[in-house]
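In order, the protein sequence lines correspond to chains C and B.
0 is the number of the first residue of the first sequence in numbering that gives the first Met the number 0; add one for each residue after it.
0 is the number of the first residue of the second sequence in numbering that gives the first Met the number 0; add one for each residue after it.
Hint data in this document are derived by calculation from the structure and do not stem from the laboratory.
Any given hint might turn out to be false.
Some chain B residues well away from chain C (every beta-carbon gap over 12 Å; in silico) [stated by the list, open to error]:
1) E17
2) K55
3) L78
4) K137
5) C172
6) L251
7) R303
8) E329
9) K340
10) R393
Below, a list of computed lysine to aspartate or glutamate pairs in the DMTMM-like style, where the Cα atoms sit at most 20 Å apart [to be verified]:
11) B:K137 with C:D65
12) B:K52 with C:E8
13) C:K9 with B:E50
14) B:K457 with C:D257
15) C:K9 with B:E47
16) B:K457 with C:D304
17) C:K397 with C:D89
18) B:K222 with B:E19
19) C:K289 with B:D146
20) B:K132 with C:D197
21) C:K35 with B:E115
22) C:K418 with B:D448
23) C:K418 with B:D146
24) B:K132 with C:D372
25) B:K457 with C:D419
Fair warning: this is a prediction, and the values are worked out from it, not measured in the lab.
Think of the CB as a built atom: it goes at the ideal place given N, C-alpha and C, for glycine as much as any other residue.
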Amino acid sequence: MGNLELIVEKHSERIHHGLEVLPTLRHGLPAGLGNKRWTAELILATYEMALTGDLPKNGLEYKIGDSGGGFDVLGWKNNGFPKIDEDDVDLSISLNKREVGKKIEIPLPIYGGGMSFGSISLNFMLARARAAKKIGTYTSTGEGGYPDAIVPYRDHVITQVATGMFGVREETIQYAPIVEFKYAQGAKPGLGGHLLADKVTSEVAKMRESSMFTSLYSPFPFHSVYSVEDHKKHVDWIKTVNPRALVSVKVSTPTDVDMVAIGSYYAGANIIHIDGGYGGTGAAPEIAKKNIAMPIEYAIPKVHDYLMSEGVRDQIVLIASGGIRTADDIAKAIALGADGCVVATAEAVAVGCTHCGNCERGRGCQVGITTTDPELSRLIEPEWGETRIVNLFTAWSKRLRSILAGFGLESVRDLRGRKDLLVRYK
Amino acid sequence: MVLDSETKPSKYERFRIETEPAPHVFQIPNRFDVSARKVRLAAMLVHEAFEFKLNKEVVLSRPCIYGVFGGHFGGFKPLKHKCVGCMRCVQEYPHIMTVKQSDEYKRLGDSFWTPEAVFTILNEASTGKIPVKGMGYKGAFGGEGFDGIWTDMSEIVRPTRDGVYGREYISTCVDIGRKPTSVDFGRIDQSPSTVEVPVPIIFDDLPAFDFDVWNAVGKAARKVGTFFVTHDQTRGEDYRERMIPIVDDNSLDETLEKRPSIVEYDSERSDLFEKLSDSLPSSIVIARVPLREDTADRACKLAREGVHGLHLYADYHGQDYSGDPRHISESVKEVHQLLVKEGLRDQVTIIASGGITLAEHVPKAIICGADLVGIDTTVLVALQAEFLGETRDRNSYKLRPRKIDPAWGAQRLVNLFGVWHDQLIEILSAMGMRDVRRLRGDIGRSMMDAELREQSFKGIAWAT
Ligand code: SF4
Ligand code: SF4
Chain C
0 MGNLELIVEK HSERIHHGLE VLPTLRHGLP AGLGNKRWTA ELILATYEMA
50 LTGDLPKNGL EYKIGDSGGG FDVLGWKNNG FPKIDEDDVD LSISLNKREV
100 GKKIEIPLPI YGGGMSFGSI SLNFMLARAR AAKKIGTYTS TGEGGYPDAI
150 VPYRDHVITQ VATGMFGVRE ETIQYAPIVE FKYAQGAKPG LGGHLLADKV
200 TSEVAKMRES SMFTSLYSPF PFHSVYSVED HKKHVDWIKT VNPRALVSVK
250 VSTPTDVDMV AIGSYYAGAN IIHIDGGYGG TGAAPEIAKK NIAMPIEYAI
300 PKVHDYLMSE GVRDQIVLIA SGGIRTADDI AKAIALGADG CVVATAEAVA
350 VGCTHCGNCE RGRGCQVGIT TTDPELSRLI EPEWGETRIV NLFTAWSKRL
400 RSILAGFGLE SVRDLRGRKD LLVRYK
Chain B
0 MVLDSETKPS KYERFRIETE PAPHVFQIPN RFDVSARKVR LAAMLVHEAF
50 EFKLNKEVVL SRPCIYGVFG GHFGGFKPLK HKCVGCMRCV QEYPHIMTVK
100 QSDEYKRLGD SFWTPEAVFT ILNEASTGKI PVKGMGYKGA FGGEGFDGIW
150 TDMSEIVRPT RDGVYGREYI STCVDIGRKP TSVDFGRIDQ SPSTVEVPVP
200 IIFDDLPAFD FDVWNAVGKA ARKVGTFFVT HDQTRGEDYR ERMIPIVDDN
250 SLDETLEKRP SIVEYDSERS DLFEKLSDSL PSSIVIARVP LREDTADRAC
300 KLAREGVHGL HLYADYHGQD YSGDPRHISE SVKEVHQLLV KEGLRDQVTI
350 IASGGITLAE HVPKAIICGA DLVGIDTTVL VALQAEFLGE TRDRNSYKLR
400 PRKIDPAWGA QRLVNLFGVW HDQLIEILSA MGMRDVRRLR GDIGRSMMDA
450 ELREQSFKGI AWAT
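Take the sequences, apply the hints, and build the full model.
Written out as structure tokens, the structure is:
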């Protein structure tokens with residue numbers, strides 16, 4: 000074994016060991032870890048769930064963060080409900096509520112969000128795809144194209160079509176059970192994607208049909224879409240290329256997010272995916288992340304209520320993302336009106352992300368997540384990453400079952416819009 | 000015939016603020032404090048030496064990709080200033096490594112200026128680059144004042160972010176001065192013409208008496224094309240064409256002699272307004288008005304009396320001077336809305352200052368009704384002034400400027416304006432807006448935390 004291999008092996012072994020040891024708190028709570036949204040405890044609890052597939056047993060907080068608002072000030076009512084057995088709870092949801100088109104169900108109300116090849120390492124991408132396959136759910140390519148290594152998992156991979164059209168080809172649309180139009184994203188609502196020059200390696204450049212080590216800016220918005228009619232043309236285009244595919248429309252959360260949702264419904268979308276302003280994984284100006292567009296907690300009821308009042312709620316799937324960190328966040332999002340959630344950051348935390356935000360510095364992520372550096376990328380072995388992500392979702396399923404069983408609900412579908420089961424904290 | 004425009008290159012130049020690095024000259028605290036338990040570290044090295052059979056490259060390969068352990072003494076004497084808090088060393092060696100926010104970092108600022116805000120300004124001023132990070136937002140949810148306002152975005156409307164990168168133009172120009180409400184062809188309007196500034200930001204009067212600071216401010220104002228307000232006309236004198244003097248009895252004669260294009264006076268002194276407008280018919284006369292409960296009424300009165308602009312100010316923490324202090328966003332909104340109701344809004348320019356400390360505060364203050372903003376303590380923070388205590392009040396501040404080179408200082412301030420300009424364009428482009436003037440008072444393109452919370456969480460019971 001050469002020195003490079005030995006070095007990679009040494010560090011990945013130690014990182015894995017650290018991820019096991021840190022949640023035991025044997026060395027105390029790491030002082031510099033975490034922030035208000037992803038607190039140190041939440042990060043460690045996620046490491047623990049990714050290790051064991053179970054909820055933390057040592058008192059680590061795994062339900063809420065410390066942001067002082069949104070999901071963190073919502074809790075559950077806890078009295079007077081007839082409980083049922085957790086094993087009797089069904090967590091599956093349908094991703095197509097229209098009468099036409101393929102019926103797709105996922106066993107959990109969760110699938111993976113778009114993180115593109117180039118912004119993340121191929122190994123992490125593979126880990127996510129393998130986990131999606133194992134669970135029976137989906138992951139999304141993001142806007143960076145469809146690496147060949149992902150093709151074996153294509154029945155569980157959503158092809159994203161974003162404004163830059165990077166790597167969008169007829170066959171990648173034809174592979175896909177679901178095609179996702181990314182109109183906007185929570186990390187930088189109203190602004191196009193941005194891949195910094197350092198990450199545009201020869202593989203990334205080839206995939207995106209661009210030049211090596213040149214920053215890539217996706218335009219914003221789709222320059223061919225200025226109305227619902229244009230949007231419908233887009234949906235029709237995908238349905239012509241791949242009549243089997245369901246269409247998801249990913250948008251951000253402007254003041255008129257409810258209008259955007261209804262427009263997407265009339266354009267023929269199966270899924271309206273709203274991505275809240277506080278979320279996202281990609282590089283983004285700090286000003287955009289904090290200040291543009293509303294948080295997902297406020298957008299969900301706005302869209303749900305409007306779709307209800309228009310009488311179309313049961314024909315379109317409402318998926319929420321952007322700041323979903325825990326099983327409790329998912330259940331709260333559903334109680335606020337979503338059908339299910341998309342997560343991405345939590346998957347990164349499962350494989351060792353510290354939410355430090357240094358993804359765009361120098362060689363990229365130090366633990367191999369958001370990097371194209373050949374050495375760092377190898378710190379995540381796909382099988383190991385797969386196991387961690389599957390474990391995390393398994394632990395989350397237990398928590399979701401326990402919440403639903405506590406309310407006597409047999410299906411997660413019955414939780415949708417049940418704001419009456421929530422309470423607010425000051 | 001060949002048209003001129005086809006043969007001559009266009010003279011048109013897009014407005015941009017050229018930034019260049021102006022590194023810190025005074026040491027700034029390390030954000031993170033990394034340390035190793037030395038005995039355990041030594042033991043670990045011995046252990047790894049055996050494990051990897053003295054293969055030096057592997058044994059000495061370190062967890063830090065930022066070079067913190069790259070000094071001669073490795074982890075025994077880490078190069079702390081290089082630490083970015085990624086935590087990999089703690090993940091790999093939790094029994095040896097500790098990384099925390101440094102105490103010096105935590106002490107930065109005062110009760111209003113958080114260490115993070117101070118660091119943001121210091122870095123913007125030194126690099127001239129927009130702060131960019133990955134993995135989502137890391138701060139608190141919404142909150143009070145500007146934190147409780149989100150700006151809108153548009154899924155499909157142009158212009159776009161391309162504006163930042165040069166494909167489409169987004170104007171950040173605003174006018175200072177009174178605008179005629181109608182065209183009267185029978186009479187020549189005597190009121191002074193407006194003055195245009197390319198960015199909706201000016202320098203407000205500073206609690207600093209150091210000539211070098213003022214020269215840096217004057218030089219930056221000239222380079223950017225904006226103005227600086229001062230009560231002492233000997234400061235920044237070389238940049239007089241960019242100066243907005245605050246006139247009092249002592250400085251009246253000098254002001255009348257120098258004939259500045261814009262002048263401010265204390266709104267309590269209506270006699271000064273008369274003197275200034277009579278003697279300086281081509282100057283724009285602006286009343287400085289502290290924000291209080293009655294400011295909206297006073298603003299209407301002043302507008303009717305003919306002032307050309309209102310400089311509304313709160314304290315340095317962005318709180319107004321009401322008995323029960325409100326955030327500047329609230330009080331400026333109140334003034335703006337009453338002026339609109341009374342049909343007076345377009346006759347006066349509103350400058351808002353006090354608590355404008357981050358780039359995002361500019362569009363938010365404009366959404367609340369200001370035409371432009373003034374910055375104050377932010378200038379001193381960019382110039383690496385030291386916080387010696389609470390700096391809330393204009394009369395008792397504890398932010399001590401340091402001895403600086405004016406050229407360095409000017410570049411820091413130009414960088415700050417450049418970065419704020421770019422961030423303003425990010426916000427405008429996300430909204431699909433081509434002109435910052437359209438943003439003024441456009442509450443409909445914003446979202447308020449308190450309002451959304453009540454709408455979206457309606458029906459959710461309070462926990463008992
Ligand atoms: S750099 Fe930090 S925030 Fe980004 S993926 Fe890696 S650990 Fe997570
Ligand atoms: S926290 Fe990260 S940057 Fe800091 S010393 Fe440890 S490994 Fe290096």
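Here's how the hints hold up against the structure:
For B:E17, the requirement that its beta carbon stay farther than 12 Å from each beta carbon of chain C is met, with the minimum near 19 Å. For B:K55, the shortest C-beta to C-beta distance to chain C comes to about 10 Å, within the 12 Å cut-off, and the non-interface label is violated. Here B:L78 stays apart from chain C, with its beta-carbon at least about 15 Å from theirs, past the 12 Å limit. Its closest Cβ contact with chain C, about 4 Å, brings B:K137 to no more than 12 Å, contrary to its assignment away from the interface.
No Cβ of chain C approaches the Cβ of B:C172 within 12 Å, the least distance being about 20 Å, so the stated non-interface status holds. Listed as outside the interface, B:L251 is consistent with that label: its C-beta sits roughly 42 Å from the nearest C-beta of chain C, beyond the 12 Å cut-off. Listed as a non-interface residue, B:R303 keeps its Cβ farther than 12 Å from every Cβ of chain C; the least gap is roughly 35 Å. Here B:E329 stays apart from chain C, with its beta-carbon at least about 18 Å from theirs, past the 12 Å limit.
Residue-level check passed: B:K340 sits 23 Å from the nearest beta carbon of chain C, beyond 12 Å. With a minimum CB-CB distance of about 28 Å to chain C, B:R393 clears the 12 Å threshold, and the non-interface call stands. For the hint pairing B:K137 with C:D65, the CA-to-CA distance comes to about 10 Å; that is within 20 Å, so the pair holds. Pair hint B:K52 plus C:E8 holds up; C-alpha atoms about 15 Å apart against a cutoff of 20 Å.
Proposed proximity of C:K9 and B:E50 is supported: the alpha carbons are some 10 Å apart, at most 20 Å. Between the alpha carbons of B:K457 and C:D257 the distance comes to roughly 17 Å, so the proposed pair stays at or under 20 Å and holds. With a C-alpha separation of about 10 Å, the suggested pair C:K9 and B:E47 falls inside the 20 Å cut-off, and the hint holds. Taking the CA atoms of B:K457 and C:D304, the gap is near 12 Å; set against the 20 Å cutoff, the hint holds.
Under the criterion of a C-alpha separation no larger than 20 Å, the hint pairing C:K397 with C:D89 is consistent with the structure, at around 11 Å. With a CA separation close to 13 Å, the supplied pair B:K222 and B:E19 stays within the 20 Å bound. For the suggested pair C:K289 and B:D146, the alpha carbons sit about 9 Å apart, so the restraint of at most 20 Å is met. For the hint linking B:K132 to C:D197, the alpha-carbon distance of about 15 Å falls within 20 Å, and the restraint holds.
With a C-alpha separation of about 13 Å, the suggested pairing of C:K35 with B:E115 holds against the 20 Å cut-off. Straight-line distance between C-alpha atoms of C:K418 and B:D448 comes to about 19 Å, which keeps the hinted pair within the 20 Å bound. Our distance criterion of 20 Å between C-alpha atoms is broken by C:K418 and B:D146, whose separation comes to about 26 Å. Pair hint B:K132 plus C:D372 holds up; C-alpha atoms about 18 Å apart against a cutoff of 20 Å.
With a C-alpha separation of about 10 Å, the suggested pair B:K457 and C:D419 falls inside the 20 Å cut-off, and the hint holds.
Checked against the numbered hints above, the structure violates hints 2, 4, 23; every other hint is satisfied.
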